[in-house]
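Protein chains: 2
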Amino acid sequence: MLNKITVAVDAMGGDNAPGEIVKGAVDAVSRSSEIKVVLVGLESAIKDELSKYKYNPEQIEIIHATEIIHTGEHPAQTIRSKKDSSIVVGMKLVKNKQADALVSAGNSGALLVGGQIIVGRIKGIDRAPLAPLVPTSKGVSLLIDCGANVDARPAHLLQFAKMGSIYMENVIGIENPRVAIVNIGVEEEKGNALVRETYPLLKEMKDINFIGSIEARDIPTGYADVIVCEAFVGNVILKLYEGMGTLFMGTLKNVLKSSLKSKLGAMLIMKPLKNSFKKFSSEEHGGAPLLGLNGLVVKTHGSSKAKEVSNSILQCVTFCEQRISDKIKESLFENEV
Amino acid sequence: MLNKITVAVDAMGGDNAPGEIVKGAVDAVSRSSEIKVVLVGLESAIKDELSKYKYNPEQIEIIHATEIIHTGEHPAQTIRSKKDSSIVVGMKLVKNKQADALVSAGNSGALLVGGQIIVGRIKGIDRAPLAPLVPTSKGVSLLIDCGANVDARPAHLLQFAKMGSIYMENVIGIENPRVAIVNIGVEEEKGNALVRETYPLLKEMKDINFIGSIEARDIPTGYADVIVCEAFVGNVILKLYEGMGTLFMGTLKNVLKSSLKSKLGAMLIMKPLKNSFKKFSSEEHGGAPLLGLNGLVVKTHGSSKAKEVSNSILQCVTFCEQRISDKIKESLFENEV
Numbered sequence: 001m002l003n004k005i006t007v008a009v010d011a012m013g014g015d016n017a018p019g020e021i022v023k024g025a026v027d028a029v030s031r032s033s034e035i036k037v038v039l040v041g042l043e044s045a046i047k048d049e050l051s052k053y054k055y056n057p058e059q060i061e062i063i064h065a066t067e068i069i070h071t072g073e074h075p076a077q078t079i080r081s082k083k084d085s086s087i088v089v090g091m092k093l094v095k096n097k098q099a100d101a102l103v104s105a106g107n108s109g110a111l112l113v114g115g116q117i118i119v120g121r122i123k124g125i126d127r128a129p130l131a132p133l134v135p136t137s138k139g140v141s142l143l144i145d146c147g148a149n150v151d152a153r154p155a156h157l158l159q160f161a162k163m164g165s166i167y168m169e170n171v172i173g174i175e176n177p178r179v180a181i182v183n184i185g186v187e188e189e190k191g192n193a194l195v196r197e198t199y200p201l202l203k204e205m206k207d208i209n210f211i212g213s214i215e216a217r218d219i220p221t222g223y224a225d226v227i228v229c230e231a232f233v234g235n236v237i238l239k240l241y242e243g244m245g246t247l248f249m250g251t252l253k254n255v256l257k258s259s260l261k262s263k264l265g266a267m268l269i270m271k272p273l274k275n276s277f278k279k280f281s282s283e284e285h286g287g288a289p290l291l292g293l294n295g296l297v298v299k300t301h302g303s304s305k306a307k308e309v310s311n312s313i314l315q316c317v318t319f320c321e322q323r324i325s326d327k328i329k330e331s332l333f334e335n336e337v
Numbered sequence: 001m002l003n004k005i006t007v008a009v010d011a012m013g014g015d016n017a018p019g020e021i022v023k024g025a026v027d028a029v030s031r032s033s034e035i036k037v038v039l040v041g042l043e044s045a046i047k048d049e050l051s052k053y054k055y056n057p058e059q060i061e062i063i064h065a066t067e068i069i070h071t072g073e074h075p076a077q078t079i080r081s082k083k084d085s086s087i088v089v090g091m092k093l094v095k096n097k098q099a100d101a102l103v104s105a106g107n108s109g110a111l112l113v114g115g116q117i118i119v120g121r122i123k124g125i126d127r128a129p130l131a132p133l134v135p136t137s138k139g140v141s142l143l144i145d146c147g148a149n150v151d152a153r154p155a156h157l158l159q160f161a162k163m164g165s166i167y168m169e170n171v172i173g174i175e176n177p178r179v180a181i182v183n184i185g186v187e188e189e190k191g192n193a194l195v196r197e198t199y200p201l202l203k204e205m206k207d208i209n210f211i212g213s214i215e216a217r218d219i220p221t222g223y224a225d226v227i228v229c230e231a232f233v234g235n236v237i238l239k240l241y242e243g244m245g246t247l248f249m250g251t252l253k254n255v256l257k258s259s260l261k262s263k264l265g266a267m268l269i270m271k272p273l274k275n276s277f278k279k280f281s282s283e284e285h286g287g288a289p290l291l292g293l294n295g296l297v298v299k300t301h302g303s304s305k306a307k308e309v310s311n312s313i314l315q316c317v318t319f320c321e322q323r324i325s326d327k328i329k330e331s332l333f334e335n336e337v
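Protein chains in written order, with my numbering: chain X, 1 to 337; chain B, 1 to 337.
Hints are computed from structural coordinates only; laboratory data are not their basis. None of the values given here were measured: they were computed from a predicted structure. Where hints are given, some of them may not hold.
Put simply, identical chains are the same to the list, so a pair is met inside one copy or across any two.
[Claimed, not checked] In the DSS-like style, the derived pairs of lysine-lysine whose C-alpha atoms are separated by at most 27 Å in a straight line are:
| hint | residue 1 | residue 2 |
| --- | --- | --- |
| 1 | K52 | K4 |
| 2 | K307 | K54 |
| 3 | K329 | K54 |
| 4 | K54 | K23 |
| 5 | K138 | K257 |
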């Protein structure tokens, strides 16, 4: 078991738990022998699901947790009161170095709060941003921060820029990632107070490739690899991405079944259509890491199915192999931010 | 000429001026006899364009203006220095009640600044928001504010909510429009400082139909008719709408021409496809009004063609006939905001 990356997985979190979560875990261990998954949650329920599959038993372990944090429960309160919940137990595994990472499709707020108070931030990091990948016409960009830490200060955004650069370079493999700050125009004097104050500081940072402002219309074009913003704006961008995708796909589906002629046309284009639009699916990109913690927490969509869970687990392997947390720590000495 | 609504049109603004602008003006007067258009700009250029069409000469007038404010020029400086520009001359017509409205596809910043300092705000209105309509699966919603007045205060957002309601009810014809504030969750305690402070005040307002928070993913579903936010967030939403539309349509176009089979499929679905996606086109909805001024200023896209110009001119007629500015003034007495 030595040298394996250990990923705790919240078996009870999300709309499709535990079925799809366990399926994703089995899939992940079948794809990589470098990994060990610890499924955290109700043992009997997890065993029932596991009994459906064949897998290397040395790669999957169960840790029993009796409670579940549901969607809608108050994050801070529930993290404190449900000490035997799958999220809290999973986070403690990370905190105590019994696991390298936790993957969960559960209550977002609880993950954000728990990440900060149970796993804890790297010393010197002021805020742990949630940094999902968003699809673009060129590939993916990292949107940092989309968490719950609203009303950020310039120093936070500088740390986001640096952490985002480290992630994109080492996990996604983009050399010298282009960093931009979300703004309402490209000129340096544009923006709200936060952006106007942060912009010159980003420009001065020697160890990131800062390319200036990015207007929201250029996010889908892949104009930047790391898109820095405070969490309120990031959350709006992320959710509008989802909402617009749903609106367009819904409209398109209605067109394709609107008449016999359309249905015939749909048959002819369905295969390339699915291939091209696959990149917009959240399943393809795994979950969103919470960066800057003493260990890795990855949040997947509440609606995650096995594929997203599996991809998220494998993403943790790259994260750990590339020693991202160490690199973030080292960067704190380089930058006095 | 009595009782006609007079709309000044900046003949020199936008990528397609003066050709498409003049064409749009001619189209508008052909569609409504209730309207008079004053084309503002270089007389010779306007005359050249007008000579291509037949129209009722009583409905179109030219006012010569020798200067043009170009894209990229500094808004505040150029408004002050180019006193004989089509934008400044057009705005003075509105200020002096020689025109009821100005439509322009020109420099956005100059329109926002000029609106405030030349046309002037209604007494009691603290900020004049730019309020475009965005397409949704149900129709359109008003996104208020998308202008340049970032870092708004709660009192500003309350005025936006009220002005937006008046606009949607009277210009678009939606009874008791649903007003929501952009937030990162639906619970009242969610949000940044501005939203948390504004939410209870909106809830107390008796003469709007406040339905609470709206997450960005629900904007495209048409969950609310009036979407209140400060300008930085509004700008991000508006531009991401455009960017996502372009990404999606680009991907779809590539699919439809990817093979002979796809091209055949494309032929079968092209007609319903165009019909369904027409609603996402900015041309259909006319321009974005700058609300709360002593007269109407409507900003159309820089890339406006005749159809958008024509729709924007007709939109001004409804705005003026419905006495929107008066209704906004009256609302200031009802609400002590």
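Here is how each hint holds up against the structure:
In this assembly of identical chains, the alpha carbons of K52 and K4 lie at most 27 Å apart only when taken from the same copy (25 Å versus 76 Å across copies). For a Cα distance limit of 27 Å, the shortest separation of K307 from K54 inside one copy, 17 Å, qualifies, whereas the shortest one across copies, 63 Å, does not. For a Cα distance limit of 27 Å, the shortest separation of K329 from K54 qualifies neither inside one copy, at 40 Å, nor across copies, at 72 Å. With identical chains, the CA atoms of K54 and K23 are at most 27 Å apart within one copy only, with a shortest distance of 11 Å there and 70 Å across copies.
In this assembly of identical chains, K138 and K257 lie within 27 Å of each other by CA distance solely across copies; the values are 19 Å between and 30 Å within a copy.
Hint 3 alone, counting from the list given before, is not met by this structure.
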